[in-house]
Each structure stands twice: as C-alpha cells, then as structure tokens.
Amino acid sequence: NSKTKIYHKNELECLRRLGKAHKHITKLLDWSNGPTNVDRHGIRTITIYEHAPHGSLADALPSKGGFQENVARTYFQQIASAVDFCHRNRICHTDVCLENVFLDANYVAKLGSFGRAVYGGVGTVLSCKHVLGNQKYTLDPAVNDNGSGTYNALMGDVWSLGVVCFTLLTGYPPFNRDAGKNHCWWLN
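Residues 983 to 1170 in my numbering are what the sequence shown lists, from first letter to last.
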C-alpha cells in the first residue's frame, strides 16, 4: 500500500545518506526497483541488508532480569553511538526499540529499520499524528508537544534510548500504555 511505499522510500533514503560509515548501523548492501506481477502498482523494491544471524536484541533479551550490567552497558553504548551518528547526519530514527536493533555474527548491535525515520536535522518537528513508533519506547506525544500538536523527533529518540537502557537492565519496559491512566510499571 502507499504507507509501505513511503516507509521503503524513507528507509532507502536514510540509509543512502548514512552510507556504510558507522559500525552500529545496519548496512544496506543493494537495492533495486523492478516490475512485478505480484504488486498491483507495478513496482516492487527489493532491498538486501547485511545478515543478522542472531536476530533482534529483543529476541536475545533474557526473560528474567535483563542483561548483566556490563553487557547492557556495551549494547547501550553501541545503540547510543548509532543514534548520535544519525542525529549528526540530520536523521531522526523515531522508532528506536530493541526490536529494531539487530545482532551480527559477533553479537554486535546494529540499528536498523529506518522506515519511519525522518531527514531534516536539529529540532525535527513532526505532527503528532505521524508518530508511529513502538508505543512502549516512544515518548508520548501528549508529553512532548507542549499543546502545539507537534512532536520533536530528536527528543523522542533520546527518550527511546532511556527506555532501551531500562529494558536492557530489567528485561521489561518501564511503561505500559495498555494499563490506562497510570503508564508507569511501578503503579500498575
């Protein structure tokens, strides 16, 4: 559908801008557009990324208690380094979560899934209706917008990093948006 096409276009554009310059960002190896009989719109984009044989970091998260502190710190530093690199290159990921961090053959963390990323730079402001990240990790637009109906994507990425850190250490995210009014895990 049209949203999927937009996500693919965003991902390709952001990864092309980032190039292959950062060791903690998933590498886009190749891509092509070609006609197909499967897609009723006539074009399908085929993308090839570096292999992540150990899946996502969410898959590797221990079910009880999270990672040991030294392991959590290493993964967090790798993820934060990738997000910082994106921000220095005027890209906001907007969907930083363990499900979008992949582990290579050496268990090195690589930030991926740039479909919801935005290019624009410092203070990138989005309409709240365009904030589509994982709700357990994304800064609630009601907290971020100061009543303006906008969302600061840079602040959102930094918030998500804090949630990632908490989740790496504990094994679960600090907020439960499904819990209603009290979003904090310790209030539920």
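Don't read these hints as lab results, they were simulated from the structure.
Beta carbons are placed, not taken as given, at the ideal position from N, Cα and C, and that holds for glycine.
Hints may contain errors.
[Claimed, not checked] The list that follows gives simulated cross-link-like pairs (lysine-lysine, DSS-like), each with its CA atoms no further than 27 Å apart:
no., residue 1, residue 2
1, 991, 1002
2, 1009, 987
3, 1005, 991
4, 987, 1002
5, 1009, 991
[Unchecked claim] Per label pair, the in silico range of CB-to-CB distance:
no., residue 1, residue 2, range
6, 1052, 1087, 16 to 22 Å
7, 1052, 1015, 43 to 49 Å
8, 1015, 1051, 43 to 49 Å
9, 1037, 1144, 21 to 27 Å
10, 1154, 1013, 19 to 25 Å
11, 1089, 1156, 20 to 26 Å
12, 999, 1140, 34 to 40 Å
13, 1056, 1035, 14 to 20 Å
We went through each hint and held it up to the structure:
1. 991 - 1002: holds (18 Å)
2. 1009 - 987: Holds, at roughly 20 Å.
3. 1005 - 991: holds (23 Å)
4. 987 - 1002: Roughly 23 Å between the alpha carbons, so the hint for residue 987 and residue 1002 holds.
5. 1009 - 991: holds (16 Å)
6. 1052 - 1087: 16 to 22 Å: holds (21 Å)
7. 1052 - 1015: 43 to 49 Å: holds (44 Å)
8. 1015 - 1051: 43 to 49 Å: holds (46 Å)
9. 1037 - 1144: 21 to 27 Å: holds (24 Å)
10. 1154 - 1013: 19 to 25 Å: The hint (19 to 25 Å, Cβ to Cβ) is violated, given that residue 1154 and residue 1013 are roughly 36 Å apart.
11. 1089 - 1156: 20 to 26 Å: Holds - the Cβ-Cβ distance for residue 1089 and residue 1156, about 25 Å, lies within 20 to 26 Å.
12. 999 - 1140: 34 to 40 Å: violated (20 Å)
13. 1056 - 1035: 14 to 20 Å: holds (19 Å)
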